Amino acid sequence: MSSSGEQEKPSQEVMLTFYRRLYPFKSIFHWLNHEHAPTRLFTQREFAFTLQGDVYLRYNSFSNVDELKNQVCHLNPTRFEIGPVYSARPKDKKTMRPGAFQPILRELVFDIDMTDYDSIRTCCSGADICRKCWGFIAAAVRVLDSGLRNEFGYQKLLWVYSGRRGIHLWISDKEAMELTDQQRKALVGWLTVIQGGKESGRILNISRNNGKLPPPIQDALDFLRLGFVDLILRTQECFKSEEGYEELLKAIPDSNLAKTLRSKWESKPGRSSEDKWSDCFKDMSAHKTLRTALEDIILQYTYPRLDAEVSKHRNHLLKAPFCVHPATGRVCVPLDLEMIENFDPKAVPTVFQLLAELDAIQKTEDQDMELHSDWEKTSLKPYINIMDKHASDLMQEVRKEKLRTGELAFCLENIFSLNPLGRHILVIYLPDLNLFMDPVIDLASRCVFLL
Amino acid sequence: MFKSSTTFGQVKNHAAFPSPLNFYDIPPTSEVSIEEFETSALDRLRVLAEIESSAARNRPWDEIKEVTTKQCKKYLPLSPSQVDTSNSDANVKSEMELRRRDHLSHFVLRLAFCRSEDLRRRFLQAESTLFRVRYDMALKPERDAFLTSRDFNWIPVEDDEVKKFAGQLEAAYGPAPDSTTRKYVKVKWTRVPDLVEKRKVFLKAGWAYVPGGELSSIIFQEFEDHLGKALEMTARLLPRLDEDTRLLPILNNLSQGFLAGISSEWATASGSATGSEIKAEMVNDLARKHFPLCMRTLHESLQRDNHLKHFGRLQYGLFLKVLGLSIEEAIAFWRKSFSRITDDKFNKEYKYNIRHSYGLEGKRANYPAKSCVQLLAPGPSDYGCPYRNYAPENLQTALLSSYSHLGLRASDLPEIMATVKAGHYHVACTRVFEITHASCGVTKGEGTGGGESVTHPNQYAARSMELHKPKDDMVID
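Which chain is which? The protein sequence lines are A and B, in order.
One point on numbering: in this note's numbering, the residue at position 68 of the first sequence is 68, and numbering is uninterrupted.
In this note's numbering, each residue carries its 1-based index in the second sequence increased by 451.
If you're looking for bench data, these hints aren't it; they were derived computationally from the structure.
Just so it is clear, the structure is predicted and the values come from calculations on it, not from any experiment.
Built from N, CA and C at the ideal position, the CB exists for glycine as well.
One should not assume that every hint holds.
Straight-line alpha carbon distances no greater than 25 Å define the calculated SDA-like cross-link-like pairs of lysine to any residue that follow [as the list claims (entries may be wrong)]:
#	chain 1	residue 1	chain 2	residue 2
1	B	615	A	147
2	B	895	B	506
3	B	651	A	188
4	A	312	B	673
5	B	651	A	175
6	B	649	A	206
7	B	655	A	337
8	B	651	A	308
9	B	649	A	208
Selected chain A positions facing chain B (in silico; Cβ < 10 Å) [to be verified]:
#	residue
10	94
11	98
12	153
13	178
14	184
15	187
16	190
17	207
18	215
19	216
20	218
21	222
22	223
Excised from the complex, chain A in its bound form:
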């Protein structure tokens, strides 16, 4: 079905070893929980397992990370998904009144899937992906990332390669977690430019105001214009085939011009997409409408195509990072935005490769090492570091917030047990605390003294 050679599906033993020795449960826990001690962000979170033979177990929840790990190792799922934080523990769902069990918090998630680009990509189709078509994803990621940061003010974005042909985005800002379904739908509406799903990518959902694009679209266009020549014209050669250039001609409002171009291109079948594109541009000054038409083409070919349903509802499940894609054996790894253009999906470690790396280590070292830090020695390490860095940003944020709102007891606990930077923070924030924390001030000043 696929072009790559190693299409061996991971066996149960392989998966079990992966979960036991490599899967970074702790990192996932920190990322979901935002704190060291389990909060409802973790304990009331839904986990759904897909077992061998397509058995699907929903509404699992765990009171701490060890429970999660034990259950995963016990069930040995082919993959598992993360859902929302509910108003109660999902495993108690059956004991609840029907209306009382509601999703309350959820990362804002996005899913971009290569299949939505099938009508325009020329290199592969279906489940395949190569570096050439990754260009679409990279452009989409850049546009989405800057839009969500600049317009919506979100900062805690985690991009995760989905293991085969797509990419997921998880936004963990507090405001983003709290969005209602209605607000999520609105946000998706704001970001949706290409309507009508897979087939009819031609209807653009933009209205120009006096010929001007709305600011967010204009920004996106300015960026996409830069990569358009390289991606669409040179790499993908989208207008090389007759089918391809007909799409382009359809967009040209002036039918005479379209006719001239068609006969010109029919006579020279070898003419490259880039040349064809510049053919359109020759008359540009004459037609103002032509320019907007060509702008539309750029957007149509490179603007992010979202799977909107994933983002609209809080209770939509999404595959957890670091799961193994059951068909390819590749791990769903977090990505650094800086390396997005150079990312090669084929270079992502597979579960087989990782286990082979483990074997190699074991031969050279003694075997009585702690099991859970095994990933330190494999090529999974840089990806886990990305996740850990992201999670520690989130935890830092919560710590600041707690200090600000004066949950001193919590802070002290953190300072002494876990946080080497805590001393610094405490000193900075102490004057603030003085204002409203009279009863605990004694305790606080003693702590400072101790430190």
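Fit chain B to the known structure of chain A by using the hints.
Quick look at chain B alone, frame taken from chain A:
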């Protein structure tokens, strides 16, 4: 008694009502008579029910506005000038009195509709629409008074910030009307999801910059959020109120009415609705031409089996009474229909009941005919609303066999079945009315006149007969 929701919002001026627009922050604290408690709520319910059925029928906004304004004038006027003087019992009240009544009725319905998720959602939707209509219709000074009466928690954008984003603001909202610089306020984008969804607002770092002209969007959203939260809070506190035995039945009754989607005046109507006398032998013909499906079904099973069970008799008998069948004609009609039993048995077992329903025996009460609300309520009767009780296939067959001679075609069924599936039984019935009376010039959305929905079988039949009247006369001529 309204302690339940005092925790919400703060309004500086709660003694009076500075504007006809009201956010209902503070519950009423004055004494209220039980009667006013109920009647004001019923009036408001009529308006909300009409809004709901308008929404179910996918009316365009302008039409919703028109229908709602009409209903408001009739039942829920806000200023003396709006009071429809032709409406008998509405003695002209002062503006403040009307606003107080509006305020009171809102809070009564809150109590009635906070009980279930479904009721809350529907109430919220209807109330928001009502608020939007009123905001749309309000005059500028009224709006201004409203805007200053309450803190909406928005931040005015400083001039230099406007300058900083001038280009983007202009791209988003078009060039500012000459000479005046536009004023903007900023709010978190989550407060204007409708503007965001249509990309009609300028966003920067999570803040939405909303121009002065678009404030309504913030206000509507705020109204919904606010009422949604208040309803949930009321629901949580309601058990304490449930001890009051005087209010509970009223509240239950109100929410029942809303569940059926209607509240009807026809329940109290009696006597001849059409003026002309109806003879026993006319009933069969009338049933074919003018009866709603529920009564058609009863009539047909009576003709087929020569019998009807007690509740069916009661229901159909009262319907015929209100339609204008006199007691003599009624006895004749039933005697003829029950053709398989002896005179003796009829006189002994059935005549009494017929006379009883006409108020001539026993308690001598003039019983009203059953309204749609009553027919929709789950009860012992096999003869409720067919739109609700029938299985979809049976309903389709029944509709076609009953109404195809009046112009109902199989192609109309999907639309009707869709409304039935959504639980809007009276809307389905109204739609059938519209289709079967298209030949009289009834168009889609007009309902039984002026956009009203069917709320009572007698309303259906009376309106139908009224529509056919000139034509029938001509035939006689």
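Hints, verified against the model:
1. 615(B) / 147(A): holds (19 Å)
2. 895(B) / 506(B): holds (14 Å)
3. 651(B) / 188(A): holds (14 Å)
4. 312(A) / 673(B): At roughly 21 Å apart (the allowed maximum being 25 Å), residue 673(B) and residue 312(A) satisfy the hint.
5. 651(B) / 175(A): holds (21 Å)
6. 649(B) / 206(A): holds (9 Å)
7. 655(B) / 337(A): holds (21 Å)
8. 651(B) / 308(A): Holds, at about 19 Å.
9. 649(B) / 208(A): Satisfied, since the Cα-Cα distance of roughly 12 Å is no more than 25 Å.
10. 94: violated (19 Å)
11. 98: holds (9 Å)
12. 153: Hint on residue 153(A): holds, closest Cβ of chain B at ~3 Å, below 10 Å.
13. 178: holds (8 Å)
14. 184: This hint holds: residue 184(A) lies near chain B, its Cβ roughly 9 Å from the closest one there, short of 10 Å.
15. 187: holds (7 Å)
16. 190: holds (5 Å)
17. 207: holds (8 Å)
18. 215: holds (4 Å)
19. 216: Holds. Min distance 7 Å.
20. 218: Nearest chain B Cβ about 7 Å off; hint holds.
21. 222: Residue 222(A) check fails; min Cβ-Cβ to chain B is 13 Å, beyond 10 Å.
22. 223: For residue 223(A), the interface hint is violated, since the closest Cβ of chain B sits about 16 Å away, which is over 10 Å.
In this structure, the earlier hints numbered 10, 21, 22 are contradicted, and the remaining ones agree with it.
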